[in-house]
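Asks: Listed here are the chains, written in short residue letters.
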Amino acid sequence: MALLKMKFPLQRRVRLAQGLWLLSWLAVLSGAFIFCLGVYLKTELLRRAEVMDNAEIHVVPNILMLVSLASIGTNWFAGRVCQDSLDTTRFPRWKRFLMGWFAVVALLCSLLVTAVVLSYALQGRLEESLKVGLRNGIRFYRDTDVPGRCFQKETIDRLQIQLRCCGNTNYRDWFEVQWISNRYLNFTSKEVKDRVRSNVDGRYLVDGVPFSCCNPESPRPCLQYHLLDNNAHYNYEYQTESLNLYSRGCRQALVDYYMELMNTIGPGVLSVILTQITVAVSLRYLQTAVEGAMALDNPEDDSDGYLLEKNLKETIQDIKTYFLILYMRNKINLESDDADAAEKATAS
Amino acid sequence: MAFMPVKFDLPKRVKLAQGLWLLYWISMMVGILIFSLGIFFKIELRKRSEMMDNNESHFVPNLLILMGMVACGVNAFGGKVTHDSLDPTKFPKWKPMLKPYLTFCCGFNILLLITALLCFLMQFALYLTLADGLKNGIKFYKDTDTPGRCFMKRTLDMTQIEFRCCGNNNYRDWFEVQWISNRYLDMSNVEVRDRVMSNVEGKYLMDSVPFSCCNPGSPRPCIQHHLTNNSAHYDYDHRIEELNIWTRGCREALVAYYGGLMNSIGGLILLTIILESVDMAGLKYLTTSLESMSDPENPECESEGWLLEKGVKETMSDLFAKLKTMGKTNQVEEGAQAAT
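For the protein sequence lines, the chains are A and B, in the order given.
Heads up: the first sequence begins at 0 in numbering that gives the first Met the number 0, then just goes up one per residue.
Heads up: the second sequence begins at 0 in numbering that gives the first Met the number 0, then just goes up one per residue.
Hints may contain errors.
[Unchecked claim] Now the in silico label distances, taken between C-beta atoms and shown as ranges: (1) B/Ile-38 <-> A/Glu-240: 37 to 43 Å; (2) B/Phe-76 <-> A/Leu-2: 55 to 61 Å; (3) B/Met-205 <-> A/Arg-157: 26 to 32 Å; (4) A/Glu-240 <-> B/Arg-45: 30 to 36 Å; (5) A/Asn-198 <-> B/Lys-46: 44 to 50 Å.
[Claimed, not checked] Which chain A residues face chain B? A few, computed with CB under 7 Å, are given here: (6) Thr-143; (7) Ile-179; (8) Asn-185; (9) Cys-213; (10) Pro-218; (11) Pro-220; (12) Tyr-233.
[To be verified] Computed far set for chain B versus chain A, every beta-carbon distance over 12 Å: (13) Tyr-126; (14) Ser-276; (15) Leu-322.
No wet-lab data here; the hints were simulated from the structure.
Ideal Cβ positions, reconstructed from N, Cα and C, are used throughout, including at glycine.
Chain B extracted, bound-state conformation:
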């Protein structure tokens, strides 16, 4: 007793083949889309790798690229089989490959599911990587004369401008590091010496932020220095001033950006899984309806197509039995070898 049988006559079979061929083309386009999204994601991670200490994991974009390529191949093969299916001379050469192909498609769907899960979970790893990377970025902001770090200032400034953020958690992160290099500090000046000597590590700390924290939407020209000193500026109260500098931290901004990207890619992969399953079901119906034709010489005869030859429970028990016998044959062979 087959699982979900459907009766097929010639026009219905032809329609199924045409629809399935179109669907395989669409799936191939989606495969190409996943491939290009993987490349785009990889490039985006590379662009900001300085913010992540250059040790971000490229596993997910590489996996996406691989999945995209495999999806293209699988769907191209499926499309070719569908194209040849209604031609009784060409179809028989594909028949023996169908079972392994469908098994491979099942496995591929499971891999896609794992990829989607990884996409959603990678955000947490990214959060931690960014926290470390940004902290180091702010620490090395002033080292524009140290080889290997001389572009940190530019990268961090561009990031703060582009993502409209300031500091790691918020702008106060800049108060805790010395972000002005000693080359530009007049150490003979009394005020500078006082400030440097006022803290244990001899750092020149200020309640100021770099210019890239400034918000262009503020009605007032940007106040960068003496941010917590209300009397340093006319008509200024740092507790109620909101528009002067960006209030969001860069870690939050970058995680939101990458998180949005990964969520959409994950959603696309879930859609791909559904599409692939529909493709598999369609191919199964088409091939079973062609194989079950009562009179192979007459293409207009009626036939029946199904998803599974027996019901679901029986198919599962058959599968387990097969796995058991595979295991047993191995044991029997080993036993025979031991005996001889």
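For reference, chain A alone in the conformation it holds in the complex:
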């Protein structure tokens, strides 16, 4: 008793083949679309690679790109099978590959689901990676004369301007590092000497931020230095001032940006999975209907299409017995080999 059996007269078989051919081409296009999305995500991640500590998050776009390329191949194959399905001379040569095709499609769908799940699960790791990367970026901001770090300043400045953020968690991160290089500090000045001596590590710490933290929306020209000193500026109170600098931290800004990107990619991937499953189910029906028709005396008669030849329980039972027989056969082969080897040993 087959699973989800349907009657397929000739006309319906033809319609199914035509519809499936169109659907497989649609699936090829959606595979190409997912490939483009994967490439876009990867380029966006690479753009900010300097403020990321590790590349674990890259597994999501990598999976998307590989799976989309494979799905383009499988759907093109499905289209070819459709084209040949109504021709009884050409269809049999595809029969052998169809079981393998279904297995490949199942694997691809599960990989896509994994990619979507990972894009949410890896959010925590992404945040950790950004935390470390941004901390290093802020620490090495002043090292514009050290090879390998000379572009940190420009990178962090551009990042803060483009994403409208300041510091790692917020702007106070800049108060904890010396972001002005010693090359530009006048060590003969009393003020500089006092400040450097006032902390254990001998760093020149200021309650100031770089210019890239400035918010253009502020009605007032930007205040960068002496941020915690209300008397340093006229009509200024740092506790209530909110528009002067960007209030968001860059870590939060980057995580929000990437999560938004992956949230827009998510539904696209899910719809591609649905399309792929539809193609697989339709191809199964077409395969069984055409094979049924070829077995009849009059190939143009009605035939039955089904998903599984027997129902679910019996199919699982069949698969179990198949593997059991395979195992038994191997065991017998091994035992007979051992017996032969023992005989040879006693004979010699």
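Place chain B on chain A using the hints.
Replies: Chain B only, in chain A's frame:
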């Protein structure tokens, strides 16, 4: 004696029709491209209209949008005629419309040429508009509490950041205006009072620039204030310091941006003119070869196609004669009316 005649047999005619149909499709795509470029240009002008005192001329983008739509229509019609041309039942209904259609195409090409010229010439108008607009923008930078101007600061800051420029001609434009509002100046402070009283108009002028002039590529944290005073900063010489703030003026930057856009649009239109002319020539050959078939019942007969029925000189003189007679008929009619 026809101008540039070419012999056509059936396969050649079929190939010409197919090629021409494809060419009309490509021309339609180009028409859509011109339309979308016109819209893009309009949006770009709107985005920065505050920099141009809100009185920039939208004539060129509107013209581009119109030309794009007309190009689409013209090429769609041409494609339909080509599609029906090899079918002897459908072609005769298009025959009477061909002459006015080709005349219209000629006129359209001339309009496209004028549009391309306007594209190239608009840059000069834009230069002048921007000079005025930016000067006012810098003047009203501090008026964040005046309705109608409160976003000038934000717009100018974003423009300077995005286009990597400072001031109108260069950064010194900021030294000539008061860009810090009086609300944030402590008038009881001696230094502030001195500065305000030191110039005729009572403006608080400084040798400083806003933060948006800062160059992120500078190895040194940005120096915004006391730019011309070497002793105000350690190890600083304003004459040789190049990377601290942007050296380019915003007028130059914006003109370069819009100029590049307009030059590419102008180039595209010139390409469209060439494409349209090729389309017209192809259609003329196709229609004349179909009309000159010696035996209309037999589609496989040979025929001849040409661009002009008589030579160029004769066609021109015919045209002038026709124009003269048109003028004369008007005069004769008026004379007859006056007589009666």
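Asks: Give a verdict on every hint.
Replies: Here is how each hint holds up against the structure:
Between B/Ile-38 and A/Glu-240 the Cβ separation comes to about 41 Å, which falls inside the hinted range of 37 to 43 Å. Separation of B/Phe-76 from A/Leu-2 is about 57 Å and conforms to the stated range, judged on CB atoms against 55 to 61 Å. For the hinted restraint 26 to 32 Å between B/Met-205 and A/Arg-157, the CB-CB distance of approximately 27 Å keeps it satisfied. Checked against the hint of 30 to 36 Å, the pair A/Glu-240 and B/Arg-45 passes, with Cβ atoms roughly 33 Å apart.
At about 47 Å, the beta-carbon gap between A/Asn-198 and B/Lys-46 stays in the expected band of 44 to 50 Å. Because the closest C-beta pair between A/Thr-143 and chain B is about 4 Å apart, less than 7 Å, the hint holds. Given hint, A/Ile-179 at the interface with chain B, holds; its Cβ is 5 Å from that chain's nearest Cβ, closer than 7 Å. The closest approach between the C-beta of A/Asn-185 and any C-beta of chain B is roughly 4 Å, which is under the 7 Å cut-off, so the hint is satisfied.
The interface hint given for A/Cys-213 holds, since its Cβ lies 4 Å from the closest Cβ of chain B, which is under the 7 Å cut-off. About 4 Å separates the beta-carbon of A/Pro-218 from the nearest beta-carbon of chain B, less than 7 Å, and the hint is met. A cut of 7 Å between beta carbons decides the hint on A/Pro-220: the least distance to chain B is about 5 Å, and the hint holds. Using the Cβ-Cβ criterion of 7 Å, the hint placing A/Tyr-233 at the interface with chain B is satisfied: the shortest such distance is roughly 4 Å.
The Cβ of B/Tyr-126 sits about 26 Å from the closest Cβ of chain A, beyond the 12 Å cut-off, so the non-interface label holds. The beta carbon of B/Ser-276 is kept farther than 12 Å from every beta carbon of chain A, the shortest such distance being approximately 36 Å. Even its closest Cβ contact with chain A, about 56 Å, leaves B/Leu-322 beyond 12 Å, as expected for a residue assigned away from the interface.
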